[in-house]
Structure formats: C-alpha cells, structure tokens
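Colleague: So you can see what is in the structure, the chains are spelled out below.
Number of protein chains: 2
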Amino acid sequence: MSGLAPSRPCPLVHVPRFDHAADVIVVGFGAAGACAAIEAAQLGVRVTLFEVAAGSGGTSALSGGEIYMGGSGGTPIQRAAGFTDETADLFHYLMMAGGPNADEAKTRLYADGSLAHFHWLCQQGVQYKTSYIPEKIVEPVTDDCLIWSGSEEAWPFASEARPCPRGHCPQFVGMGGGRYLMDVLARRVNELGIEVRYNTRAQALITDEIGRVHGIVTRTGAEQHYARARKGVALCTGGFIMNRDMVRRHAPLMLRSQHPLGTVDDGSGIRLGMSGGAAAINMSEGFVTLPWYPPGSLVKGIFINENGQRFINEDCYHGRVSQYILRQPGNSVWLLADQATYAPPQFQQLARIGIGAAGETWEEVERELSLPSGVLVGTVAVYNHYAALGQDPLFHKSPKWLQPLLEPPFVALDCRVDHCFYSSFTLGGLDTLPTGEVLSEDREVIPGLYAAGRTACGLPRWGPGYSSGLSLADATFFGRQAGMQAARSTSL
Amino acid sequence: MSGLAPSRPCPLVHVPRFDHAADVIVVGFGAAGACAAIEAAQLGVRVTLFEVAAGSGGTSALSGGEIYMGGSGGTPIQRAAGFTDETADLFHYLMMAGGPNADEAKTRLYADGSLAHFHWLCQQGVQYKTSYIPEKIVEPVTDDCLIWSGSEEAWPFASEARPCPRGHCPQFVGMGGGRYLMDVLARRVNELGIEVRYNTRAQALITDEIGRVHGIVTRTGAEQHYARARKGVALCTGGFIMNRDMVRRHAPLMLRSQHPLGTVDDGSGIRLGMSGGAAAINMSEGFVTLPWYPPGSLVKGIFINENGQRFINEDCYHGRVSQYILRQPGNSVWLLADQATYAPPQFQQLARIGIGAAGETWEEVERELSLPSGVLVGTVAVYNHYAALGQDPLFHKSPKWLQPLLEPPFVALDCRVDHCFYSSFTLGGLDTLPTGEVLSEDREVIPGLYAAGRTACGLPRWGPGYSSGLSLADATFFGRQAGMQAARSTSL
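Here the protein sequences line up with chains X and H, keeping their order. 47 is the number that my numbering gives to position 47 of the first sequence; each next residue is one higher, with no gaps. One rule links them: number in my numbering = place in the second sequence (from 1) + 1000.
By construction, these hints were calculated from the structure, which means they are not laboratory data. Treat the hints with care, as some may be off.
As the list claims (entries may be wrong) - Not everything, but these chain X residues come out facing chain H in the computed CB check (under 7 Å): (1) Arg248; (2) Pro252; (3) Arg271; (4) Gly277; (5) Ser284; (6) Gln309; (7) Val375; (8) Gly378; (9) Gly390; (10) Leu394; (11) Ser440.
Glycine residues also receive a C-beta, built at the ideal position from the N, C-alpha and C atoms.
Isolated chain X (complex conformation) (with noise of 0.2 Å):
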C-alpha cells in the first residue's frame, strides 16, 4: 500500500480489519525482542514476534554475545576468579558510562538486578564456564567467560568505583558467541510457543486519536496486514547506523567510521516511535571502535594526533580510545611504540593497521611522518620523563602500562580514520522508563508502546563510556522488562 511509512501512523479508523491479533507484538527478533517475547509468554500472555529478516538473530548475532554483569558480590564466575563485586561499584561505573545523560533509575534498577539477570540467561539455557582471562583482550577465541571489558582499571573510572571485570562471554569457541546466545536464546522462544513471522516488515503503527498505540501494520512480500496488539508493541529492532541518512542527521560524528555494525538497523523502530510521538534523546552518540590491542603491551606506547599531540590514557577501553580519536582534529592518528613495547596487533589484518612510520630515533620517525619538527620528539620527551617517575601528569595512564620509550628502532603505527577498521554503531534512541514504556518529549508515556535494545535509549548512551557487553545487558535485561510491563498491562 502506498503511503504507509514508519515515520506516519495508521489511524485506527482507517484499519479495515485485523488480520491478526495478539496481547503483545514484539518487533525484532535480536537479543532485546526475544527476551521481551519470553518474558511477555512465561506471563502467560498471548505474543507474537514480527522479524524483518527470514531468521533469529538481528544485529545481536553479529556480536561476541558478552554481556556486562556483577554486583550483589559477584556472579559465581566473578567469585571463582576471586572478586567480589559491590553493587555499588558497579552502579557508579555505570553512572560514569553513562555520561552526562546517565539514567539513574536504569542504572539502579540493573546494578540491583545484574547478578539475578546471570541466572535468568543460565536459566534460559546460556553456558558460562567458569574461567576468567586477565589479560587486556577485546574478545577470548576460547570459550573462556570473564574478561575485562571496559575502562575499570583505567582513569577516571578507578578513582570512583572500585575495578572488577564484569564482561560474561557465553561458553563458546571463537569468536562470535552472538550467534550462540542468539540461538539459546531462540530456541527459549520456540519453546514457548511464540508465534514469530519472518520475512514480516512493521510498516506503521496503528494509534487512535488520543495516541494510544492498538497495533502494527506490517507487510510480508505484497501483503499488507493488520495486527492488532491488545496490551502493547514493543520495538525493538535496533538502531539506525546502517540509515546513513538517519545518520547524517542525527550523529554525523559517526559518519566518520566507514563501517557500520549491523544487519537490518534502518532506524524502522526510533520511527515507528517518533510518528507516536515519541522523543528520541542522545541520537548524536554511538559506539566506535578500533581493535588496536591485544597485545596489552602495546597500550605502553602512545597515541599522537596529526599534531604530535597526545590526547587520551592509553590504557582505557579500545572504544573510548577510538571515540577520542574520531574528536581529534584531522584524520591522522598514530601508536608510537618502541623496540621493547611494539610487538603486532593481533587484529593487524582486520583492522588495516600499518607501519607509518620507523626510525632510529624519534627525530626520523618525525621527519618520516612530516611533522612539524618538535612536536612529536616534544611528547615524547615529556611522556618519557615522567614514565620514567611512574607518573602520567597529563592523561593518567596507570603506572602499570608507563615505560619510557626509549629503545631503537621506533615505530609510528598508522590508525588513520578513513584507512582502518573502524566499526561503529548507534547509541541514541526512544526515550524509556526502566520498564520499556516509551515516552513523548514532556516525559509522559505513550500508551501501548515499550521499546528495547538500541531502539531505545538505554544504560549504554555515551560513547566515550562504552565498554564491550553493555548494549547486549541493556537488550535483554531491558528487553525482559519491556516484555514484563507490556504482559500485565491493561488489555484494550
């Protein structure tokens, strides 16, 4: 039918008929829409789930399927690896993640309920094993489970909550646990006897004249239909970086990032929602990230921008590195390393990360990168003085990665902006309680609709503060009480 789009609703008088109806429509069939849809069923309530693409999966499948978790003193696997983990410490690092728009009461609500959310996915059939891997890695290729995955050791976030690692990766082998948990987490879903249509695209909400949300159209091939939802949507099928347009407009910073990370992520579901009149807030933040370590021995060199300048603790997650790198004025950005720190990102081939630049002394390497002289060879001395003290006066590196870099030969590695592996996705999203209702730009909740997963804007919401596994917590912690809400909610 012409004339539909996400961006404009149906009027519930112009609805011919209802071709289906179910108490709870789930759009997307990622992480957050499959936990939404378990939980709206295990109420007893009738769901079905519409999923653009012919299978399971979304954007979720694409990802190593770490989630970030701890507090209430730790997950069993936190504690067999000898942490215990405050809930309180996990509340401020989060809090800090989440920057200068932090949601407290998501926050709360998820540093409170981390450690029963652990069991909830083991209950759903998830494996952990119970292994922790301390070196400073982006991704175990075992199927080892805890791993640091943030900025926790790095400043500022030290100082304000205690370190712990808190990335949970499933009990897979290789990278691409997604796709596992995915798996897990559909076959939960057939289980329960979740209608799920594919091939099925969610074209326009259906809204009365108060605002109230009664349903979806949808199309699968040339057929336009009419569900009817008698408690709610609930949108969850991701976010917009793969809309360049929706990009463009709304986080043109990462425009800057020539690979987007996702599958679908046409921003279908921040529109079905703004067409209800919902707010989309933080819409100009995203994840970035360049995989520069392992190894960790490279995060004893330093990062310079086309300047000479350094700009960042190296020590701090890969992404907030990256995010950083993307402020930095110019597209040039290198990693200078020396004989006794430099040894080959393991992600060298992926991520396109060459040599720039190499020298016997920092002056070549200066000369050989054509910058003004000085300016490198002046970081560099400054850094090399005070490593030398165990001090890092101007960006806080902790002591732990500081050593002066002074063995020839020394390299510049080459991460420039337009050249390497850059990957990025959105953070921005439809404004949501911490029960999933949506909300209009006052604050005020539009009846029937729930959104979760990046469609919504959720604990991860800052770029800068990203840590690995946050986006996956948020989809299905937030996707399990988006499904909640909706299933006890009032029926029309």
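Dock chain H against the given chain X, drawing on the hints supplied.
Modeller: Quick look at chain H alone, frame taken from chain X:
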C-alpha cells in the same frame, strides 16, 4: 485543563468548538514569527500571532540585531566598503558553516536570496548606516553597520571561500540592536493589522486522524481556547536552551555553559512539532561563546588547555574558539600573551576573564599554573619557532596574527569554563524544507505545520561553524518563507 502538554496533540474530534479562526496562526513573536506573520499578511490572508510574553521581541530582542547577508555582488554596504561578495563564496562559506549535516537546499536559497532579503528588511523600515568596521570585534557600540562576524578570514574557511565581511548591524547606537530590529518588525506587524494575542501559550497542536494540523489549543491565564488555522500553523517559539532537562537529554555538552541565552526558549515549539510526528534533528548542537576579544591584539596570543596543548587557530570566530574550548579535557583553559600582545579584554568584566598567572619567563608561568614541567614551555617554544618564520604548521593561524611571544612579562588569562561567561543557545530543531514545511523522520511533509527560527534546524546547525548574524539571518529569511508558503497553501 489537565492533560494537555506540548508533547501530546489534541485530537480534532475532541475540540468542543473553535473560539477563533485565522488562515495562518503564528506562534511566537520573535524575528521568525514577525517575518512569517508579515509575509502571510502581505499575501492578504488573515493571520493571528500568539505570544506567551506580554510584548514582542523574544530572544531576538536580546541580540545585537546583526544579520549575516551578502552575495550577488554584495549589499550596498559591502560595496561601499569596497567588497564585491559573490554568491558562490557566500554559499561555500555557509556550507562549511553548516558542518557535516549542512542543508544544501536552504543554503542555496539563502545565498541566492540574501541580497534581496537585505532590501526587504530595508523596506520594512530597518535602517543601516553605510559604514564598515575593519577591526576584529564582537559587536559595534556605535551605530556602524558592516563587521567581520565569523571565521571568513581564518583557516579552513578562507581557503574555500573568498573572505568578505557579512555581519550587518542596524543603525542603532550601543549594543542591543536586536530590540531596535524587533521594534521595526513589530511596527510592521501592527501596520498590517495582524491580530496579536499576548500572554498566550500554545498548549497543544490540534491534529486529525491522518496527522494534519488544524490549529492549536491556547491558554491565556486560566482560559483555554481552541484556535483554528485554515491554512497552517507556524511554530516560531525559539530553541530549548532554557529547558535544562531537554538540554541534558539532547545537548549535554551545552550544560557546560552556565549562561543560557534566552527568554522563554523552553522548547515548546519543538515539542509541539514532535507531538505531531515531526523529526527534531542536530539536537546536540549549540552556539557557545566567551567574548574574549577585542582587542584584536589578543588574537596574537595562544590558547592552551589544562595539558598545556594548543587546540585551535586563535584567529577564527570567538564562538568557534569557544566550541573547541568546550571540547577540551577538564575545565582550565588559558590564553597566553606577552607584553607586546597583551591588552585587557574589552569585555573583561562581563566575561570574567582574570589573570591566571604572570611571570618574567614562561617557565615561571608554567609553574604558577601548576602545569607539569615542560608542557607549556614546549608548546610556546614550538609556536614561537614557527611564528618567527610566519608559519603555524599545526593550527594554520594566518600570518597576520603570528608574532612570537617573547617579551616579558608573560601572562596567562584564565578562561575557565565553569567560571567565565560562556553563553549559549541551541541550534537543533525541527527538520523543515526551505519552505518552512515541517518534516517527519522519513522527510515527509506534515500537512499544515511550519516552523522557523531556532524552533527549526536552519542554516546555523553546527556550533563550530556559527558566525554572528546567522541565527537572525535564518530566522528572518526562513520565517518569511514559512509565512508565504502557509499563506499560499490550500485552505481546509
């Protein structure tokens, strides 16, 4: 009446009766609203203007009244000062000023129509003196007209667009020409017999089931009225800088500025638009400035951040410098000058710029600022070395402003973000066509809805590209387009 909010439309079927009817309803009596009302009335339709305050002016009346104009060979004022301003140069400058999400269609229309807009303003009664101030200033205290009000002569703008002064200040003695400008426009509104209702708030849009806007619900004191707009509603209520919750959700960087520049600016127009399914874009962007010059000699100084690093070519517009200041780590920023370049900032008292440190050597200044040894001294050494050669290879300050800082005593002016007068307003708003028609997130026109001024996302939409006079240029010019388009549209 309870239950009404700008973020929730009032369904047409709930309107008990219309108390008032006009062809075009304009909300907000600042520059955009005045120009929309004037143009609509000049086309012979009935216009009602609603204003929440007791008088005309809005935030436009707080400004200097300066308008950014040129092209087509130059305005009479530009020509008299010896400048021929080509449309292509104005267009390129404005495209750069618009940043990564510049609106090419609006920029093209404005560049082509800017000279005619100058004449239109004159026809309304705005007077301009044929005079030019070549010095680097913020706003004339005399009744002079033409000033350099942006980054035209600075890198990187100067290399893409031939520089020309384009800030046109009205013939008004003293600062605050915005009140004069608004008085002229208000007189025209009066002459045209436009009905103005003061002390009246727009509470909600009235929309039908397909989203067409039919009017607004207004409130005056305790009285609520329903006003029908047969042709359209133009939202011209300013931005959202005074609504600190909205700022937090959408533009948290702006929270660092403690001095919001606004009158009402509570985002009500943007919220009204969103309630009708409109897209608000570029919401994280804002204008911010510290008036740190004149005198121009200070431009020969260099700014350093808390790490002793330079970060900008100091010869660009004060608002661009201030954007970069806001993006630096930490709160401390200093402007370094020597005996030869120092003179007290003209707005020292207003701006609260104090002396942070002084010394006979740069080492002394560095120590007094408690900076790690060598960082300030190193930055100054590199700067001086190249400045002596007439070069700034790092930040590309123009040779005109390059002078080594060699003459003691040396001084560091304290430009702390949380202490000094950094004022700000928002640049994000409703997405509109050049006609003022408001768009959904899929860029479909919302029938009957128009927006202009800071309620819309117009020409100025990127903090680092802002130039004085751009907001009023946009508000007056695109206010006119909205008024004309609404007046010419089909009546309901």
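Colleague: Tell me, in ascending order, the numbers of any earlier hints that this structure violates.
Modeller: 9
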